[in-house]
Amino acid sequence: MLARAVTFALVGLEPRRVEVEAHIQGGAPSLTIVGLADRACQEAKQRVRSGILSAELEFPGSRVTVNLAPAELKKEGSGYDLTIALALLAASHQIPRNRLAEHASCGELALDGRLRRVGGVLAVADGARRAELERIICPYDACAEAALAGIEPVGVRHLSDAVAYLRGELEPPEFVIGNGMPRRRPLDLADVRGQERGRRALELAAAGRHNLLLGGPPGTGKTMLARRLPGILPPLEEEQALEVTRIHSVAGLVDPDQPLIGYAPFRAPHHSASTAAIVGGGPRLRPGEASLAHLGVLLLDELAEFQRPALEALRQPLEDGELVVARAVGSVRFPARFQLIATMNLCPCGARGDPGAHCTCSAQRLARYRDKLSRALLDRFDLVVTIPRAHALDLQGGPGEASEAVRSRVVGARLRLAGARPKRTASADELLTRAVERLPLSGRGRAKVAGVARTIAALAGSDAVLPEHLAEALAYRAPAELATP
Amino acid sequence: MFLRKRDLPPLLLAIHDPPARLYLRGEGDAELLARPAIAIVGARACSPYGAQVARMLGRELAAAGVVVVSGLARGIDGEAHRGALETKGHTVAVLGCGIDRDYPAAHMTLARSIAERSLIVSEYEPGVEPAPWRFPARNRIIAGLCAATIVVEARERSGALITADFALEDGREVFAVPGEITSALSVGANALLRLGATPLTAVADVLESLGLEAPRVAEPKGGPLLDLLPATADELVRKTGLSAGKVTAALAELEVAGLAAEGDGIYRRLA
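Keeping their order, the protein sequence lines are chains E and L. Take any residue in the first sequence, count from 1 to its spot, add 17: that is its number in the numbering used here. Take any residue in the second sequence, count from 1 to its spot, add 40: that is its number in the numbering used here.
These are calculated hints, taken from the structure and not from any lab test. Be aware that a few hints might be false.
Stated by the list, open to error - Quick list of the computed label-pair ranges, beta carbon to beta carbon:
id	chain 1	residue 1	chain 2	residue 2	range
1	L	Ala177	E	Gln333	34 to 44 Å
2	E	Pro457	L	Ala242	23 to 33 Å
3	L	Arg61	E	Glu322	47 to 57 Å
4	E	Val341	L	Met41	45 to 55 Å
5	E	Gly236	L	Thr222	14 to 24 Å
To be verified - Heads up, simulated EDC-like pairs for lysine to aspartate or glutamate below, C-alpha to C-alpha not over 20 Å straight-line:
id	chain 1	residue 1	chain 2	residue 2
6	E	Lys440	E	Asp480
7	L	Lys128	L	Glu156
8	E	Lys62	E	Glu75
9	L	Lys45	L	Asp69
10	E	Lys91	E	Glu38
11	L	Lys279	E	Glu418
12	E	Lys389	E	Glu319
13	L	Lys128	E	Glu454
14	L	Lys286	E	Glu418
15	L	Lys128	L	Asp69
16	L	Lys286	E	Asp480
17	L	Lys45	L	Glu165
18	L	Lys286	E	Asp446
19	E	Lys91	E	Asp55
Stated by the list, open to error - Chain E regions said to be covered by chain L (calculated; three or more residues, Cβ under 8 Å):
id	stretch
20	202–213
21	447–456
From a predicted model like this one, the values you see are computed outputs, not experimental measurements. Glycine residues also receive a C-beta, built at the ideal position from the N, C-alpha and C atoms.
Isolated chain E (complex conformation) (with noise of 0.2 Å):
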């Protein structure tokens, strides 16, 4: 006897429709897994029988063999469990096989038969939609997730529960979708006193989705001002929070009970990060931190300390907002669209940039720590900004403007820059050209220059970029120390 079940597996974001068929032949009781199964997947023998048994069914008694299809693609980890159980139960005239058939399924079982969540249950939901299946059969908690593929789940707390519902003896019960809002606040401006040329560029940062190097001595407060680019920056719209999901669930980081990512995402990964972990890869083709950044901001704390081939895996997803990951088992691409955010101090025993404090780094080591940067990433930041030491008496007033406010000005900005964009006017052209002449800037250092102060003019609600804005503009550039070598 035979019988037939559904699911999908993942090839970087990619679902590719996997038949799990069960054929139960006479002879000794055995069960056999073929299909290019990994060792976690091999392994669901063990729980598929234990979880049969616990739910009260019956293990068939004779030869069981389970092929997974296509035979010659990877199939990895424990989201084949219930499919395997359910096509055996079918196999078994346990439950109904036309009805299964009209089903994708997904979950990893525990001993006692309750279902376990698995990553990438949206991307298996995506699949099932577009292979016009009616329903997918997922653990309870990944209802919601499956849900925001717009297909209908059925969501099953134990083997059991699916059974009884695959032989019409229950109803789906309900779910709710959360509303797509972060579930901690972000962390507030407020929080941030002083630092008027460090908040200012990290508001224009937000409103052009600029690229931001914060340099300066430690304990200056580039990283709390970094991490609280989040909190300005507006809402992601419905299909981008759909696409950043994805990349999400596949890395297995969506709350159960919030999936929606609807907010601009934010990753901060240590400087001791691989390639892989950064760029994705890895056996299993996951995505890395910069996919998981997507539509979002990624983080590099302490700059110069990233491994450097780390670092100029980044220019090409700085450039195509998209990775391809090549591996012999082939390629796969990955939305990689972020926004850059850096720290970093100006030389490497830090005493740079301090007033009270006396730089000892020679010549050379602070040529090598500079070494470190490539020009091509150093070009990548639109915005270069140096946060001193702050002075005592700054730290004496009152809190700073909240991210609330900072927000709604950032959304403003956004739309005036989506319609029609600010033009320079002659006068700007004039101080643009004599900027060229008298600091060192280069052709792109111009060109970056120029798509700040559009920034700028847009969030002054300006419809022209006048020489105020450019001059500003140019105060962000690259130091002549950063840009010449």
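Starting from the known structure of chain E, fit chain L onto it as the hints suggest.
Just chain L, lined up with the frame of chain E:
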């Protein structure tokens, strides 16, 4: 190409042990060496302030038609050369190795841009390796080519002080840029001042000693912000009550006008 001893510029010939010959590299004319010249020397590991001063001096002296002479080292030397190149002026680099050697390697592009307009000179034959004992000898040529030597920043035992000693021996003018008395980088320059070197407080001081006039720059209209420097942008916001954007724009305009410059987050006056 090289100059024989009898073809050396008169100022250099006047020192007590002029080089036997001088190798030249670059597009500049050998006659350049006979023009009024000023040496700018100082520490390799200089402060951002020192770098700014060196660059400004290089720029303004070159703009006034003076040839800026230095040693192509990191720090003050390099900044002085760069400043001179910025206004398309002339600058001469005197090396302590063969003229075909790019030393230090970090200044390879700088050396090329100097060679494109001016001269790189050395008393050593092409191919001679840089060596520590050749640099003091090189310094006597720097001092010898120039009517005056400016020491921007120097530690207690600095090569720049050797250059200044040569200049004094040969009866040339020595200027020193006064530095903070608490900084190790100021010890050398301030010691020179105590010994009687002329304090350098403006470019005009140097030009006067050469009998030159400063080029007429448009009257600086710095505005009130300029008087508050040096300061960080945040300090200016607090002192003026203006918004961060306005202060930043005003500071950038001062930079474009050549009146102020930023280093490590602190804005300083240039003029």
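Structure-based check of each hint:
1. Ala177(L) to Gln333(E): 34 to 44 Å: 51 Å, violated
2. Pro457(E) to Ala242(L): 23 to 33 Å: Holds, at about 24 Å.
3. Arg61(L) to Glu322(E): 47 to 57 Å: Roughly 50 Å apart at Cβ, these two residues keep to the hinted range, so it holds.
4. Val341(E) to Met41(L): 45 to 55 Å: Hint holds: Cβ distance 54 Å, inside 45 to 55 Å.
5. Gly236(E) to Thr222(L): 14 to 24 Å: This hint holds: roughly 22 Å between Cβ atoms.
6. Lys440(E) to Asp480(E): Between Lys440(E) and Asp480(E) the Cα gap is close to 7 Å, so the pair holds against 20 Å.
7. Lys128(L) to Glu156(L): Holds, because 11 Å separates the two Cα atoms, which is no more than 20 Å.
8. Lys62(E) to Glu75(E): 15 Å, holds
9. Lys45(L) to Asp69(L): 17 Å, holds
10. Lys91(E) to Glu38(E): Roughly 16 Å between the alpha carbons, so the hint for Lys91(E) and Glu38(E) holds.
11. Lys279(L) to Glu418(E): 18 Å, holds
12. Lys389(E) to Glu319(E): 12 Å, holds
13. Lys128(L) to Glu454(E): Since the Cα atoms of Lys128(L) and Glu454(E) sit roughly 11 Å apart, the hinted pair holds (cutoff 20 Å).
14. Lys286(L) to Glu418(E): Holds: Lys286(L) and Glu418(E) sit about 17 Å apart, inside 20 Å.
15. Lys128(L) to Asp69(L): 15 Å, holds
16. Lys286(L) to Asp480(E): At roughly 18 Å apart (the allowed maximum being 20 Å), Asp480(E) and Lys286(L) satisfy the hint.
17. Lys45(L) to Glu165(L): The hint holds at about 14 Å.
18. Lys286(L) to Asp446(E): Holds. Lys286(L) to Asp446(E) sits at ~19 Å (cutoff 20 Å).
19. Lys91(E) to Asp55(E): This hinted pair holds, its Cα atoms lying about 7 Å apart.
20. 202–213: holds (count 3)
21. 447–456: holds (count 5)
Hint 1 from the list above is the single one not met by this structure.
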